[in-house]
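A.B. asks: What follows is the residue order along each chain.
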Amino acid sequence: MDLDLISTKLQAGRAKEVKALVQQAIDEGIPVQDILEKGLLSGMSVIGEKFKNNEVFVPEVLVAARAMNMGASLLKPLLAAQGVKASGKACIGTVKGDLHDIGKNLVRMMLEGKGLEVIDLGTDVDPEDFIRTAQEENCQLICCSALLTTTMNVMADVVKAAEKAGIRDKVKIMIGGAPVTEAFCQQIGADAYTPDAASAADRAAAFCA
Amino acid sequence: MAELILIQSGRARAIPFEPPRPFSELLASEGIHMAHPCGGRGVCGKCAVLYETEGGVPETKLGCQLVLTGDARVTLPDSRAASIQLSGTSSLPITLSPMKGRLGAALDIGTTTIAARLFRLADGRCLGEAGMVNPQTQAAADVMGRIGYAMKSGSGHLQRQVLGAIETLLSACLPSEHSREEIDALVLTGNTAMLYLLTGRDPEPLSHAPFQADCLFGTACQVLGIPAYLPPCMNAFVGADITCACLDSGQYDAGGISLLCDIGTNGELALLKDGVLRVCSTAAGPAFEGAGISCGCGGVEGAIDRVWIEDGALAYGTIGGKPPIGLCGSGLLDAAAALLDLGLVDDTGATDLDRLEIGGGIALLPRDIRALQLAKAAIAAGIRTLLHGASLAPEQLSTLYIAGGFGAHLNIESAVRIGLIPASLSQKVRVVGNAALSGACRLLLEEPSIRRAHAIADSARHVNLGGDPVFNEYYMDEMFFPES
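Which chain is which? The protein sequence lines are R and H, in order.
So in this note's numbering the end of the first sequence lands on 209, straight run, no missing numbers.
So in this note's numbering the end of the second sequence lands on 693, straight run, no missing numbers.
Derived from the structure by calculation, the hints contain no laboratory data.
One or more of the hints may lead you astray.
As the list claims (entries may be wrong) - Selected chain R positions facing chain H (Cβ under 10 Å, derived; list incomplete):
1. THR8
2. ALA12
3. LEU62
4. LEU99
5. VAL154
6. ALA156
Unchecked claim - Quick list of the computed label-pair ranges, beta carbon to beta carbon:
7. R:LYS76 - H:CYS430: 32 to 42 Å
8. R:LYS160 - H:GLU261: 54 to 64 Å
9. H:ALA463 - R:ASN153: 45 to 55 Å
10. H:GLY569 - R:ALA178: 29 to 39 Å
Said to hold, decoys possible - Covered by chain H, per the in silico footprint, the following chain R stretches (three or more residues, Cβ under 8 Å):
11. 101-115
12. 142-150
As the structure is a computational prediction, the values presented were derived from the model and not from experiment.
Ideal Cβ placement from N, Cα and C applies to all residues, glycine included.
Chain H on its own, in the form it takes in the complex (with noise of 0.2 Å):
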């Protein structure tokens, strides 16, 4: 009998086992949930763990490929619905004027995590926020992967898991002195397909070409008993997540020429021009989330999510300083625009070395480059086929918003440095978080603001990437680096 010490969040706990055994199967027999969003295959990083053994160095190691050989200690990721990180900046002044009843509450229904914040309503004073990983990941990491299983299996379950979800962020922002009765409004963004399955709707129609939503919301329905608002999707790929966030980063107001991109497993992207706004959805795959990346992680403590050059070698830093477990996205960028810059890798993206060492252990593959070059090109190739299509020059853009978690923590240098983002943009960019989020809070705070919701959603118009040869050109061309 061997023993395993399983270690998270400052807390131990000793599992007996007979060895050898995988460590996913002790961990589920144990009744421990740890996420594999590829399904065990070994390919996505994300639930990498800290693994030693007695008198060994502490090794990372993949925990679905894991197989225990006698005793060990191993330390998990600190929780997740703990460690991960909220941000959004509100970037306009909020006119209060709230929707009726006591508290409120506005959350963004991701594909990977949903956020909520609650709020007193007669004075707008926030009471709390929490987050968490979206539960339905456990049935597909992705959109469409999501939709396939409630076209196979029904969309109960996942309408119960995401309410499930709803209701434990409700009770974890709510104060002791509060309770859930004074809850009397939500307002519930999301891109439109977690709005399909938060409502119970069948996602057929966003399962195939001409990929054509029956419904985009806009409209105000009842979730968990409570008066709820759902704001309006642009299209079956462009969401009430982009809505609210060209709405709160002031992005439709101020006019003119602008970019906001929201980079993620599908950036979605949407220019404005004379009133009217040209979004696109374009599948970057999830190597900005960490995933498919050989040493990748998420935005989790341990995460390298800074590599920079000093005195001619890498130097990194960690999310909460802690041993490096992996490279998260941010990291990711960095750690090729270093890498770039120190000729080790060349604009073609190929590299002479096998590993290219980060520090502390994690280093990249030249696969992992590849699978970053696929990533940018998808964004890069999107934001040029909008640009051309509006037959404008990146110059001629006054501001480039960059929404979402990730964008909130990417460094603008090394996106440029990557051509992940135009270099003639890199002094236009504004940084606006979890943009969406802050979009539903000012829904919820500022009930007029509704209507210019209404107006942005009104005011899009769809760019279809897949099949535009433009679109194609861009991507070929967008593969390559950018030359120093």
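Okay, chain R solo, but in the shape it has when bound (with noise of 0.2 Å):
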């Protein structure tokens, strides 16, 4: 079987095709690791470059990167069963007092499309609970979502608890949502700033690379 095809249905968002195409690949008996990079991964990158580009948009990326996880789920224990490491680990969740949750997602979903690992706390998260996981889950990468500007101060209280547990240089504190600016990102001292969920992931990429 062609892995782009698996590639092209991913970004025209066709999860469930997607999710078929996969299982056909792994009983054709194509390596894993090659379903994953020359299938999944090749079609979401294609879809971040051209987010980036604004060529596609936020729906595009939602849709590919939800048929993405569908396709991934088949790979995972696969690939776990094999011992394949991800490249990276990062937490990642909506700060406290906000329950905006999809451009988290959006950024949860990227990442994994660059092959890190991510731990996601969901929303309403308390600052010390990032800290908590970076600490017991050896996290390279903390990930800060917030929609609301009466809720991203937050992210200063997350900066300053990774301080106070000593892990502020173990990790890198990125930030990003509607409100958050890279004014707002050097004022508290947070690592990045990215506009938007496919450069958070080459961000997040290059970082643990």
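Build the complex from these two chains, which are given one at a time in their own frames, with help from the hints.
C.D. replies: What follows is the structure, given as structure tokens:
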């Protein structure tokens, strides 16, 4: 089977077809690593590039990422059985007081599309929960999302909590969300602000390289 | 020295200036207020104007981006205060048993628009009605922005603005043979945050999860020295306006299984089953109000509000039959439906074209279709999540009530075509217009219905969509358009 077909269907957001094709590829005995990289991840990176160039927009990325996740769910147990390690580990969440998670989910899926392992802490996440997870799970990255001007300041608390816990030099703190800006990122001393999910994934991959 | 001829509502004014000069700056220096909901970033489309130069073709430009380089004629949309369309159809007969006094007014304080109706209480006769843009939009366009503003700068300024607007509207409604002193009763409805700002309450509890309102109103108070009643809210994000809409639409009294949708920047949904209202609010963003759309505009004269297919090509109509200045929410829905039918946009929202011409120089861009997909998915997924939680299929609903100003103008067929509302409900739609205002009028003229308003608010159960995996799954499903 041509793995490009998986990539093409993924780019069109056809989740069920992607899942069926991935299963077919597994059944045909194509190496799992190839299915992941040449099928799913390559499709996702095309979408990511187009997203950054404003050729595609949030809806396409969301549905493509969902298609990738459905395909990846079949591959994960097989990859684990083969002892394949992720290239990096991140924990992600929407900060305390905020329940908006669509952007956060998008970033999670894009990070996974870069081959990173991502622990999703959900929404309304306490600064301490970010820190504890990063410590216990040895995460290189903490990713914080906020959609409200009234909750984005919690991100500053996450940075302070990381300093207090003595892990500030071990983790990179990435922030994003509609009201967040580069100036805000510098002001609170976080490591990176990215304006969209695709740039976030690129930045995260660079931090883990 | 160059000259700008500024035209609004059929009146012209000449303004000399030194080119080049940003248009918005020139307007401000002349004391002419123009709202820039997106802060002048050129993304919301709300400040569209018609721009002409000597011998040139009139073009639609964004006021915030326009730089005048020489003599020009600019036509502003007709004054919003005069042309915002008021709507409302009371679906139930009112049994007159009014609040005490000579005159009384009902007002719906919307995030974007404030609407008022004045009555003679003795016989329930409507003496006048008026509407205007909520002046708080100058501080921030959306509810959260307004709450943030109040927390940063105090709520006094916003409270003074809304009180000033109410005073203005009362004067506008008042026939010359009556005086302001005769107004003895007010009913003021609105979403929870608007009532917080009206009463000068600190909106901090509404600013963060778990979004617990510390006051849901349903109380009497004094506003501008007039005895006033504020109907009860259901929760922090489903306000007294929805309580009033449920009351006036007859949804609650009819019983059975039905759904009420108020489609706007925040979509509010109320599903009635077994006497319980499951309510939620879903953030659609401002696309339905024409904002965030490259050629979008509000529902003002010159807005394309209807698009259809004629002989295999697109045809359009504008509000007031004026030259087109942009596309308002209902026109956007029609345009998307027609583009789907013509096969120019596919069910994933993809198109091969860089510009989707609607006509009259107005065109949608691919990203506008995407913005519409996000907005419609938020509403459609909210509907499906509520139905899912109540173990219902759409077919089981007896009625779909569509409330709100946008809902009054939307074409149901187009709404179904783009998947905003389920196809199986297209024959069960009842458009109830600004039912929030009509409900407030009902409370003013039919005082015993206050009890019913409280029963409605008490029966509400909040369904939180944020972080709900069921909602997220539906949200992505609904991102697509239905296949034809």
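A.B. asks: Each hint needs a verdict: does it hold in this structure or not?
C.D. replies: Verification of the supplied hints:
For R:THR8, the suggested interface contact is broken, since its CB lies about 13 Å from the closest CB of chain H, more than 10 Å. The interface hint given for R:ALA12 is met, as the beta carbon of that residue sits about 6 Å from the closest beta carbon of chain H, less than 10 Å. For R:LEU62, the suggested interface contact is upheld, since its CB lies about 6 Å from the closest CB of chain H, less than 10 Å. Evaluation of the R:LEU99 hint against chain H yields a held restraint, the C-beta minimum of about 3 Å falling below 10 Å.
For R:VAL154, the suggested interface contact is upheld, since its CB lies about 9 Å from the closest CB of chain H, less than 10 Å. Restraint check, R:ALA156 versus chain H: the minimum CB separation of about 15 Å is more than 10 Å; hint violated. Here the CB-CB span from R:LYS76 to H:CYS430 is close to 58 Å, at odds with the stated 32 to 42 Å. A C-beta distance of roughly 56 Å is found between R:LYS160 and H:GLU261, which places it inside the suggested range of 54 to 64 Å.
Between H:ALA463 and R:ASN153 the C-beta distance comes to about 46 Å, which sits within the given range of 45 to 55 Å. Take H:GLY569 and R:ALA178: their Cβ atoms lie about 33 Å apart, and the range 29 to 39 Å holds. Using a Cβ-Cβ cut-off of 8 Å, 3 residues of the segment 101-115 of chain R lie near chain H, which meets the minimum of three, so the contact claim holds. Residue count for the segment 142-150 of chain R with a Cβ under 8 Å from a Cβ of chain H: 3. That meets the three needed, and the coverage hint holds.
Violated hints, listed in ascending order, are 1, 6 and 7; each of the other numbered hints is respected by the structure.
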